[in-house]
Each structure stands twice: as structure tokens, then as C-alpha cells.
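Enquirer: Input sequences plus hints: build the corresponding full structure.
Residue numbers (the working numbering), protein chains in the order written: chain E, 1 to 319; chain W, 1001 to 1319; chain H, 2001 to 2319; chain P, 3001 to 3319.
Careful, some of the hints might be misleading.
[Claimed, not checked] Quick list of the computed label-pair ranges, beta carbon to beta carbon: (1) H/A2155 - P/G3221: 53 to 59 Å; (2) W/K1105 - H/P2204: 28 to 34 Å; (3) W/R1189 - E/S15: 28 to 34 Å; (4) H/K2078 - P/S3036: 39 to 45 Å; (5) E/K33 - H/K2078: 24 to 30 Å; (6) E/S27 - H/K2105: 33 to 39 Å; (7) H/E2014 - W/P1204: 53 to 59 Å; (8) E/F35 - P/G3205: 50 to 56 Å; (9) E/F16 - W/T1070: 35 to 41 Å; (10) E/A68 - H/P2314: 20 to 26 Å; (11) E/L46 - H/K2078: 45 to 51 Å.
[Stated by the list, open to error] With a cut-off of at most 30 Å between alpha-carbon atoms, the simulated DSS-like pairs for lysine-lysine come out as follows: (12) E/K97 - E/K33; (13) H/K2033 - H/K2058; (14) W/K1166 - H/K2166; (15) W/K1104 - H/K2166; (16) H/K2090 - H/K2298; (17) P/K3037 - P/K3058; (18) H/K2078 - E/K67; (19) H/K2298 - E/K298; (20) E/K166 - P/K3039; (21) H/K2090 - W/K1166; (22) W/K1298 - P/K3067; (23) H/K2090 - H/K2105; (24) W/K1099 - H/K2166; (25) W/K1039 - W/K1090.
In case anyone wonders, no lab produced these hints; they're calculated from the structure. C-beta atoms are modelled at their ideal positions from N, C-alpha and C, and glycine is treated no differently.
There are 4 protein chains.
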Amino acid sequence: MFEIRTDLAVEEKESFPGKGREVNGVSLREWRKAFSKIKLTEVTILDEQGARAMGKPKGTYVTMEAKALTKGDEDYHKEVSAELAIQLKKMVKDLKKQKKLPDKKDIHVLAVGLGNPSVTPDSLGPKVLGNLLVNRNMDEGEDAVLSGIVPGVMAQTGMETAEILKGIIHETEPDMVIAIDALAARSIRRLGTTIQLTNTGIHPGSGVGNHRHSLTMESLGIPVLAIGVPTVVGAAAIVHDTIAALTGTLASHMETEEMGNFLDHLNADEQYQLICELLEPEFGTLYVTPPDIDQTVKRLSYTISEGIHMAFYPHFNVS
Amino acid sequence: MFEIRTDLAVEEKESFPGKGREVNGVSLREWRKAFSKIKLTEVTILDEQGARAMGKPKGTYVTMEAKALTKGDEDYHKEVSAELAIQLKKMVKDLKKQKKLPDKKDIHVLAVGLGNPSVTPDSLGPKVLGNLLVNRNMDEGEDAVLSGIVPGVMAQTGMETAEILKGIIHETEPDMVIAIDALAARSIRRLGTTIQLTNTGIHPGSGVGNHRHSLTMESLGIPVLAIGVPTVVGAAAIVHDTIAALTGTLASHMETEEMGNFLDHLNADEQYQLICELLEPEFGTLYVTPPDIDQTVKRLSYTISEGIHMAFYPHFNVS
Amino acid sequence: MFEIRTDLAVEEKESFPGKGREVNGVSLREWRKAFSKIKLTEVTILDEQGARAMGKPKGTYVTMEAKALTKGDEDYHKEVSAELAIQLKKMVKDLKKQKKLPDKKDIHVLAVGLGNPSVTPDSLGPKVLGNLLVNRNMDEGEDAVLSGIVPGVMAQTGMETAEILKGIIHETEPDMVIAIDALAARSIRRLGTTIQLTNTGIHPGSGVGNHRHSLTMESLGIPVLAIGVPTVVGAAAIVHDTIAALTGTLASHMETEEMGNFLDHLNADEQYQLICELLEPEFGTLYVTPPDIDQTVKRLSYTISEGIHMAFYPHFNVS
Amino acid sequence: MFEIRTDLAVEEKESFPGKGREVNGVSLREWRKAFSKIKLTEVTILDEQGARAMGKPKGTYVTMEAKALTKGDEDYHKEVSAELAIQLKKMVKDLKKQKKLPDKKDIHVLAVGLGNPSVTPDSLGPKVLGNLLVNRNMDEGEDAVLSGIVPGVMAQTGMETAEILKGIIHETEPDMVIAIDALAARSIRRLGTTIQLTNTGIHPGSGVGNHRHSLTMESLGIPVLAIGVPTVVGAAAIVHDTIAALTGTLASHMETEEMGNFLDHLNADEQYQLICELLEPEFGTLYVTPPDIDQTVKRLSYTISEGIHMAFYPHFNVS
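Expert: Shown next as C-alpha cells:
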């Protein structure tokens, strides 16, 4: 059966009835930097109860939202890169406090560009790696050591990404993985305007094309940060949302007794059940993406690679 | 406002109430070659009445349908290429009869690869041109003379495709254009399994990404054949179809009086109107595409270029 | 027969015996901006005598040289972009003075990305066009109007680039062409470190892959500025230079009478004749290029597109 | 210092004075299949003496030579694919006899596409992997199990290819590696017309761009077959050969006493020493490649992937 899902914790949180109301085991914090157009949201899933409610593992999910990211404004992208660097460094600091990372300057970070380079909306990860400056092969005394890999997708390699990464980690012994991935969102408003950074890694079924398996501290043995940008909306999500909006509108416009009766039948579960029956099985793999997605992915791949440079190379640092 | 549309005449025909019933001014013919898995359909729009009913210009639309096209079977693709060549040669012969093409062997054909090479589902045209063997620059005594151009999209050139082509036609004087384009379908079942060949050219608003203008005998001065393969379904089409299916199911499952009243309100026009109101304006530009679209486009670009080779180069001919 | 050639006027000038000595009909000016690492050279071919001596048409050739261009330093590239903008604007101003361009703010410039996008060292032009922001399709009241085309190479289109451009110019009526092209140099030191800007257009046999025909005011009817960067050295040039160096070294090291006699025989013409006999005919089409040419072309394509933006869009202007 | 080298054992053999004469420790066998235009050569380096003389490790090097490979003839490519499959299967059989491979039908082969996908002449390996059908992720009961990886180049990953492969081998336990790589040849005649298959793996300094390290049974722990096609000639090789031809010609044309004296001085070692002094240090990394290398690499990547399919998938088998 197809999935109506989002890879963004912030959207999962919003989907709870009575938006803003508390979910047990989940904390939410929103803020804006002074003079900045970036809205930050931090969703923290505190315990198993929260994880079950959210359908996502325990951990921290920081979202940077910026409408202007869809535009080509270079200065603005630098501001977002700088904010990404700040959040990345904060997560690294927390991992050191928790003794999950060694407390040394020159930690070795393996950057992983997930996704299929040949499918535009799924090519964010490979494109970020294309821009990333690695230094493990040099001896430059940088604060951090960066290496990087584009593992490809299972249909092309015959291997799970986790197998490839476990092997490389076994051999090159990085301290941490940063995985970059294209995500699926619920709302088309999020496409190309939101960056999510999480310390929970990559989870089965996330990402574009549904080909991801688990890449986490449990499966890989070292901490996994994940940077993601939604580039698609699941087709099923759009159908679901439209029908919800349709029935809502019908209810408010018609206000007849019959509609009331009809809407009683059309509760959320039944609605969902019906859509599942109606849609063909392969529908769940289809996605919706805007026609200018190539430009969006290209621009954001620079924004993210610059953010990683700023976080790990001192000469890129923001004050 | 967004459009619920299909670029396939065969789907437009199917959408008429009472499938199979006659539409005035439109003729339909379906057949299968012996021993072949290809289903052929020829929709002919005979007059203005048919054109209005179908929302497409007068002319012939031949559809080759073959489920197996989504597979990598090489022999099968050759069979489809050969069938495409047969249909292409038939259309060329008809154009000669109608005196729209000179009755000589060495007609000069300008192949045009429409679409955006950087957006996977829109890259069919440029990819076909990448495989096409042109010979205008050689002196090989072939039956036909082939030249080819990938004009790009307006956002990258600042020019309409028609302007670029008119200029090139003015200068190089081809006898005919064959435009290759990625199409939008209504049904996800059609994605990558159907090739449409038409003698009506390219019409405003068709294709992926909505950036096409008119490329026809009227606008370019020479006949325009168009070869297209659906690679996307408009997101709006999917929403529309799902709601239609939903209300249908509700009606048959519930069979209550209220539903009847409700469905009276939910006639096709109203439904359409409601969806338009509910969906955000940018929604109309979104499209739905399968995750393996890159492989599909790559394979079909060979199938089509081989079909063109077989049609115009004698040493590629099928008996 | 293969050609030992350079597309850079500054190298042609250097090749004259007695470097620095005057060539009749050719003027040379070299300078450096204060605080800048860019070296500028202006070679002006004043008359037919100079044109014959230099093997290049009359006109102005400005060279910007900057070793650091091979590095990824972003600020430095901006400095070069700004200098390119200054030189472009100067040439436009001169064309207006000479009444070859209308004296209005909103001149319409057609940018042309020459070369084969699939061959790395020949892909500079197409890559610049990939970065270029055109505005002819918008109504933004910019100072200038930009459109752009990647015409492809004759082996893929069956048409000469000049035919394609003449057609587009006929149809869209730009005031001027700026052609961007990858060049062949004599010295490997120039690869990726030199930008040449000329008001003489593109000449037969120039560029990488030897597929260029004439694109000039004479052939296209409007002024043609050309921006080029050497990305290859002809293999024949390298052989020639090495042999010259070898015989020079032999002469100075051995200082025997026999060598003197031998070198008498090995004058420049005879040497050249011998090499031509020794090398296979296809040798002339081979080129030499460094292994990191992909990064070089990518970086320079940004530098050049930014220079064009700065020259023609006021909001990009440098003071 | 730069290297005058070839990755082809057959060229190394040819370079010995008195072509055809025996080299101790090296055996040579040449043959042609009846009715076939493919010339086969098998160079076997038998012992350490042969290895020292040839500058290549002990093992078998089979060369398939076919001028027509530079043409687009599809049938011809199939013939070469079939021959490659035959030779691959022979090497696999030999490895089983030597107990280096388990004697079972379903051996697991890891295909490795070496080289830089962004540099045309170095992109053969990645392109072959792009065409290769892997099946390790499926359960299709094929005779062999195929997986594949494009490890990238050290400048982009910060890791040695051997590290990446060791890790993946540790994790997925293949029985054998097949590495596909672009090679450097001595003679421009070989570019795109020769396929070398060897059971000795990949050796330091081989390939285009000089970025290879050792990938052998010793370094990876499992047998490594290597398939290579020359796509470049080292610039230094061309200079060296031309000078050799030049001095040869001078000697035969002039036949003066002085030339004799001169040529005494110009023995092979001295000549080589001189060239090394004359050429700039970075010269050694430059390579020579033909302008149509993109088409050559694209076509050959199909020929090779088809050969691998025929060798390991029974339904592709030739009789």
C-alpha cells in the first residue's frame, strides 16, 4: 500500500490535530535570527512515546525555512549556508558532549551523497558531493578531515547503501557520517525552501524514490547527521490533501443536512482507506515535482556544500 | 488557472462519456499487427466540430502502445522502431500526395529535439537528437537529408522555439520538420508505454513544463510531424481522477439518499471548479513522474531515433 | 596538413623573432591595474600587412592573464569577471562610436555558446550559456536585452553554425553577437589562465576540434565580439616546440663543429617540413589537455557569465 | 619526472628492439578468428625477468584489436562483445583451475568503473557501469551474481580507490573484481580500437590522469581482472616518438659524416634525458586525445558492458 508521508519532522508535527497543541514526548521551538529572513524550528523527539506519535526516531530535527531560497540571490544563499554551518557545529558539539564523537579538533567526517544522479529531483546528494572540497588526501592541517562518497542506488550497484558505507567506514575509520539527501514533503510550499538537519540519520523508506535503508549510529557504528531538502511531494499526499480540502469546502459552502451526514461517513480513516482502494498500487511510487527543479537542486547543492565547508574548514568560518 | 489536460488524442477520445460512442467529426481505428504486441490506434479529427470536441487541431494521431516498452528488451524495441518507421513513411507519403511535400526521394528533414535537457522527464527530445545520425553535412547520396537542432527552452534562450526554428528554416530550407517531445498524459499507465505520431505539429501548452508554443505548418511554413511519448501526468489530472473515482465509489457503496443529493451537486463542472479553487495557482505546473523515468527516457530515445533512421535511411529499412 | 597554430593574438605576437621588436601594422600595449594580479595585453592589428604577418584579421585582441584563475579562489574570479565587464563595455562603446551598434541603452545581445558540450575541453561555450541569465523573454527594463543559443556542432546538427545563427538573427534581430568559445594555445602555461576578448569574431579553423567556420560582421551582418579561453594545446605545437628546444639545447651543450653544420640544415622551415612528413595526417586534429580540465572549464564558465552579467545588467555593475 | 609509458602490454612488447625477437620470460601469441576482422594477441609474462623487462607484472594480457571499432557499426560491436565474453570466460575458467575462484556457477563478481566521470577520455569505466545490469539485489537464479560500483577519483573522495574497494569487499564478499578503466597508449592508432583484458589487475600509475593505485589480488584479497581501452596518448610519448622519427629521417636523408657524429650523441638514453630536461615538470600529466573521443567512449562502453553480460548471464550467451 502506498504511503502518505513526509520526511520533515516539522510537517509531521503540524499534522497533529489542533496545531500548536502538545504532543507527549515531543518538544517544539521556533525562532528567527534578528535581521534574518530564515525561520528556524527545532523539533525534539524525547522518548519512545514521541517517536511512535511522530513516526520518526528519537532525536533533534532542525529546520531552516527561507522562501527566498527558490530565487537565485547569492547573498541570501550565503546567509543560509552560514546558518547551516552554525547548526552543524552545534550538533557536532553536542555529539562530543555525549561522547559519541572524540573531543578533538580534527575529527574525520565522511560525507555521503545519497540518491540517483540521473533523476533530477533525487540528485541533490550527488550534486553536493560534486561541489564539496575533500581534504583527507592532502596534509593541510585543517581543523577537520573530510572524505566523500556517492554510493549510487541499489538498482545500479546491486548493493545496499549501508553495505557500501559499512565497508568504507571499516576501512577508512571516519568519526562521523554526514548524509545529504533529497526528501519528500507533504506541502508543495516546502519544495526547495526548507533544509532539515537531524542527528538521527537516514531511515527506511525516506527520501525520493523510496530506495533508502537505515543509515544510523546503530547500523553504521558512528554518528550520522543528515541534511535534507524536500524536492518532491508524494502524489498520494496531494490527492489526500485535496480531498480533505474538498470535503471541508463542501461542508462550509453547502451547510445542508445531507452534507453533514456525508461528512460523518467521510472521517479521516475511511477517507484514507477509500483512496488506497481507488489508487493503483504503483501510485505510491509516483512523485510530484516542479518543472524548474533542476535549477533548484543546482543552487541548493552549492548552499549546502558551502555550509559544510564553513562548518569544518576554519578559513570558511563565519564569525 | 491550471489545466487538466492530456497531449494524447487517444486519451481525449476515451474521456468522452460512453466510451466507444461516436464523436461527430472524429474517426477512430484500432488494430494489432499479427504476432505483434503493439496495439495501434488512429484517431482522425476530420473537421472543426471534431477539433472543438477534442480540443486538438484537425489531423491524424497514430498511437503505438506497448506495455513491454518499459522493459529493457532490445528486440522488442526494434519492433517498435520498425513500426514507427512504417507510420512515419506513411505520413510522408500522404504529405507528398497532398502536395505539402515535394515528390522526390531526397527530402530534407529537420529534426527538432524539444524540451529541457536538464529536467529528466522533459529531456526526451534532446536525448533523441543525441542519438540521431544527421547527414546534411555529408554527401552520401542517402534517400533523405537529415539535419537536427536542440533549440533549448525559453528560460535559457530568451527566445521562443518558433523564432529559432523559423530562422533556421529560412536559412537551410528543409522540406519538413519532425519534432520530438515529451508529453503529458492523463493516465499513469501510459507513462513510457505509448508513442504518439501526428501530422498536426506541436500546439501551445502541450508537452512537459508547459513551455511550448505553436510549431505547425501555419507558423513554420512547412509540414510538421510530431513524435511524442508521455513521461508525466499533470498533478491536477491525478487529483481530478481520484475525486471522480472517490465520488463514484461513495455512490455505489453507500447508496443513501443523501449521497444522491450530494452527487447532484458534484457534477463534473462544479467538481472541476471546486478543485481549481482549492488548489494553489502554482499547482498547475506540477507534474507526476515515476522514479525510474531516467531509464525510460534513455531507452525510448533509442527506440525513436532508430525509427527515424529506418524511415529515412535506406540501409536501415525494414522490408 | 596539420596546423601549428594558436588562437591567441598575444602568442602570435610573441612568436615573432626578436620578441618585443616591432611588427609592421601591429601595435602592442601591456599594463597592470594597481593592486591587481591581472595582466592585460592589447594587440591591435591595424592593417592588411599586420593581418598577413599575424595570420589573424584586423581588429583588437585584449588578453586578461591571471595565473590564479586555475585556483578555486572565488574573490579572485570576481575580480576577473569585473575586468572582463570593463573590457566588454569598452568594446561596446567603441562599436557605438563607429556606428556599428545603435547608440541606445537597450541593445539586444545574442550570446552564442560554441563547441561540443560532450567533449570536456570544448564545452566552455555551452557551459557559459548554462549559467547565463537571459532576459529577452521578460519585460524587466534592463539596460540591455540578452538572448542566448547553444547551436551544437556540425556532426550533430548537419548544419554550419553560421547557418543556424544567420537564421536566428534574421528572425530575432539582435544588434550584436557575443560568441564564447574554447581556444587552442601554443603554450601549456596558458591553459585556463588567459581570457581573450576580441572584436573580430570567430575565424575558420579556430577553436577546439577545428569545427569552426567564420562568424564575423561580414558573415552575420552584425558585430561579433568573441570571448575565448585556451583549454587545449595542439599536439603538433608541442612537438614543434620541443624539437626547437632540443636543437637549441644540443647547440649550446655540444658546441661542436658538426652540430653547427647540422643546425644549419635544421632551420625553421625545414624543421617544420620534416615534422609534417613524419607525423600522420590525423595528428593535426589531436589536442593536449590537462587532466583537471573539467574543474577549470566549470570555474571559468562562471567567471565569464558573471562578466557578461556585470557588463549588461546594471544591478551587477561594478563601480 | 614524467613517464613515457603505455598501459598496453602489446605495445611494450613491440617497443623492444628487433620487433618479433624473443624477450626472455615473455611469450607472444597472435591469431585471427576465421571470417573475423578482430586480431587477437596474447602476451604472457612468465617470470620476474619478463616482468622487469616489460615493466608490468606477471600474468596474461589479451588484446582485441579492431579498426572498425571507431565506426558506429552495431553488428561489428556485437562481434567484439562476443569475443570479449569468450576471453572473459576463459580467464574465469583458468582462475577456477588455479583455485583462485570457487568452482561454482554462481560466482559473485564486483564490477568497478574506474576513472573520472567528468573528464571525457577518463569516463569509460563509469559509463560501462552506467550500462551494466547488476543482479545481486534480485533473486533471479542467474549463473553469476553481479554488483557494481563507481568509486570516483581521489580528488573528489579524499580516499584511495583501494580503500573504498577493500571496504566494500569486506562487507559484500564478492569472489572476483572486474575493473574497467581508460588506458594510455603509445600510438594514436590504438585510441578506441583496442581492448586489453588482463588477469593482473590495475597497477600504480596506469590509466588516464595518473590517479590509480594498485588494485590486485595482493591488495584486495580476491582476483582482479581488468578491461581497458586506450583513450589517450601521453603527450611525452608523442614528443619522444617524433624526435626518434626525426633523427631517423635526418640520418637517412642527409647521410653526412656530421650527422653520424650527431646521432652517436643522440642515443636513446641521452635523447630521453634531454627531453626530460626540456619539458616542464607538469608536462607529464598532459595527455593527447582525439576530438571525437566522446562518441568513442560512449560506443565502447556499450561494447564492453554487453561483453560482460554475455560472459556472466546465460541468456546473453553466444554459442
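Enquirer: Could you run down the list of hints and mark each one as holding or not?
Expert: Results for each hint:
At about 46 Å, the beta-carbon gap between H/A2155 and P/G3221 misses the expected band of 53 to 59 Å. Taking 28 to 34 Å as the suggested C-beta distance range, the pair W/K1105 and H/P2204 conforms, at roughly 33 Å. With their beta carbons about 31 Å apart, W/R1189 and E/S15 fall inside the hinted range of 28 to 34 Å. For the pair H/K2078 and P/S3036, the beta carbons lie near 59 Å from each other, so the given range of 39 to 45 Å is not met.
Range check, E/K33 to H/K2078: Cβ separation about 26 Å, and the 24 to 30 Å hint holds. For the pair E/S27 and H/K2105, the supplied restraint of 33 to 39 Å is violated, since their beta-carbon distance comes to about 57 Å. Remark: the range hint 53 to 59 Å for H/E2014 to W/P1204 is upheld by a beta-carbon distance near 56 Å. Separation of E/F35 from P/G3205 is about 55 Å and conforms to the stated range, judged on CB atoms against 50 to 56 Å.
Look at E/F16 against W/T1070: about 40 Å separates their beta carbons, and that is inside 35 to 41 Å. In this structure the supplied range 20 to 26 Å holds for E/A68 paired with H/P2314, their Cβ-Cβ distance being about 21 Å. A C-beta distance of roughly 47 Å is found between E/L46 and H/K2078, which places it inside the suggested range of 45 to 51 Å. With a CA separation close to 25 Å, the supplied pair E/K97 and E/K33 stays within the 30 Å bound.
With a CA separation close to 26 Å, the supplied pair H/K2033 and H/K2058 stays within the 30 Å bound. Of the supplied pair hints, the one linking W/K1166 and H/K2166 holds, its CA atoms being roughly 11 Å apart against a limit of 30 Å. About 27 Å separates the Cα atoms of W/K1104 and H/K2166, which keeps this hinted pair within 30 Å; it holds. Simply put, H/K2090 and H/K2298 have alpha-carbon atoms about 26 Å apart, close enough for the 30 Å limit, and the pair holds.
With a C-alpha separation of about 29 Å, the suggested pairing of P/K3037 with P/K3058 holds against the 30 Å cut-off. Between H/K2078 and E/K67 the CA atoms are separated by roughly 27 Å; this keeps the pair inside 30 Å, and the hint holds. For the hint linking H/K2298 to E/K298, the alpha-carbon distance of about 13 Å falls within 30 Å, and the restraint holds. As the CA atoms of E/K166 and P/K3039 are separated by approximately 44 Å, the hinted pair breaks the 30 Å bound.
A C-alpha spacing of about 34 Å is found between H/K2090 and W/K1166, which places the hinted pair above 30 Å, so the restraint is violated. With a C-alpha separation of about 28 Å, the suggested pair W/K1298 and P/K3067 falls inside the 30 Å cut-off, and the hint holds. Restraint check: the Cα-Cα separation between H/K2090 and H/K2105 comes to about 14 Å, which is no more than 30 Å; the hinted pair holds. Proximity of W/K1099 to H/K2166 is assessed by CA-CA distance (about 29 Å); at most 30 Å being required, the pair is judged to hold.
A distance of roughly 17 Å separates the Cα atoms of W/K1039 and W/K1090; the hinted pair therefore holds under the 30 Å criterion.
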